[in-house]
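*Asks:* Spelled out from the first residue to the last, the chains are:
Number of protein chains: 2
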Amino acid sequence: MDIFLKTIGSINDETRLKILNFINQKGEVCVCDIESAFKMIQSRVSRHLKILKEGGFLKVERRGRWAFYSIRTPLDTFRQSILEEIACLGLEVPTGEFECKK
Amino acid sequence: MDIFLKTIGSINDETRLKILNFINQKGEVCVCDIESAFKMIQSRVSRHLKILKEGGFLKVERRGRWAFYSIRTPLDTFRQSILEEIACLGLEVPTGEFECKK
DNA sequence: ATAATATATCAAGATATATTGATATATTAT
DNA sequence: ATAATATATCAATATATCTTGATATATTAT
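Heads up: the sequence lines are chains R and P, in that order. In short: position in the first sequence from 1, add 12, done, that's this note's numbering. In short: position in the second sequence from 1, add 12, done, that's this note's numbering.
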C-alpha cells in the first residue's frame, strides 16, 4: 500500500504531470532542460524529479555534469497505463532549444 | 487535467483505498455497512464516498432510507486498471454481519 | 405528526504537502 | 586549484487536505 500511495502521490500534482509528460514525449532530458522549458527554479525541478523517481516512473543517468532523466524501463503495465492516460490530457510540451550548455 | 487530478486525488488516501476496495469486493454496500465495518463515524464515511464518487469510481442508488454504493458501470479501462492494482494490495476486507438495520 | 434511522454538509482545528530562497555537494573546464 | 555549471537538501512559510462534532435533510414506522 505504501508503494501504491507513493506512486499515486507522485502524480497527484499539476507540476509533476507536466514534467512527467514532457519527459515521456522528449525521451531524455536533463534538469536544466526542464528549468528553461518550464521557467522553474532548479530546486523546485529537482524536488519534483526526486518524487517522480521515488514513484517509480523515472530513471536517472549521470553523464558528466548532467543528470539525464527518462522513463524507467521496463515499466510495469500499471504505470504504463498511467503514462498513456497522461499523454491524452493535452498538456503543454515545450519545444525548441533550451538554455543550458550541454 | 482537472478530471485526472480529481480521479488521482480520490485514491491518494489510505482510508479511501480501503473503502473502495471493500466496495469492489462486496459488490454493493450502504454507508452504515462501511461505518460498522471500519468503525468510522458517519460524516467521515460520507465525505470519503463523495470524493470517490466525484473521482468517477462509484455510483449511488437510493432505496428507502439507504444509499447503496457500488462500482460505477461501465467503468473505463483506466479506472479498471486502478481497481485491479488496488485489489492486489492485500487490504483488509471486513466480513460478517454489520450493525445497521436494513 | 412524531420518533427513529440514514445520509449529507458545514465549520474549525489538526495534519500533510508544496514552494521558495539559501546553502551544500559534485563534476567539468581551464 | 579555481571558476562555472548542475543537482540536492534544508528550513520557513504558504497552501491544501483530513478529521471531527454539530447540524440539516430525507425516509420509514408507529
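Misleading hints may appear alongside valid ones.
Said to hold, decoys possible - Only pairs whose alpha carbons sit at most 25 Å apart, straight line, appear in this in silico BS3-like list of lysine-lysine: (1) 18(R) - 18(P); (2) 65(P) - 18(R); (3) 38(P) - 71(P); (4) 38(P) - 62(P); (5) 71(P) - 51(P); (6) 62(P) - 18(P); (7) 65(R) - 18(P); (8) 18(P) - 65(P); (9) 38(R) - 62(R); (10) 51(P) - 62(P); (11) 18(R) - 62(P); (12) 65(P) - 38(P); (13) 71(R) - 18(R); (14) 71(R) - 51(R); (15) 62(R) - 71(P).
What the hints assert, rightly or not - Cβ pair distances, simulated, as ranges: (16) 39(P) - 74(R): 19 to 27 Å; (17) 66(P) - 89(R): 34 to 42 Å; (18) 51(R) - 58(P): 36 to 44 Å; (19) 79(R) - 13(P): 43 to 51 Å; (20) 51(P) - 39(R): 22 to 30 Å; (21) 53(R) - 72(P): 40 to 48 Å; (22) 15(P) - 13(R): 20 to 28 Å.
To be verified - Not close to chain P: a few residues of chain R, all C-beta gaps over 10 Å, as computed: (23) 43; (24) 56; (25) 78; (26) 93.
Since the hints were made in silico from the structure, they are not lab data. The structure displayed is predicted, hence computed values, not measured ones. Think of the CB as a built atom: it goes at the ideal place given N, C-alpha and C, for glycine as much as any other residue.
*Asks:* Of the numbered hints stated previously, which ones are contradicted by the structure, given in increasing order?
*Replies:* As far as the earlier hints go, 15, 16, 17, 19, 20, 26 are violated by this structure, in ascending order.
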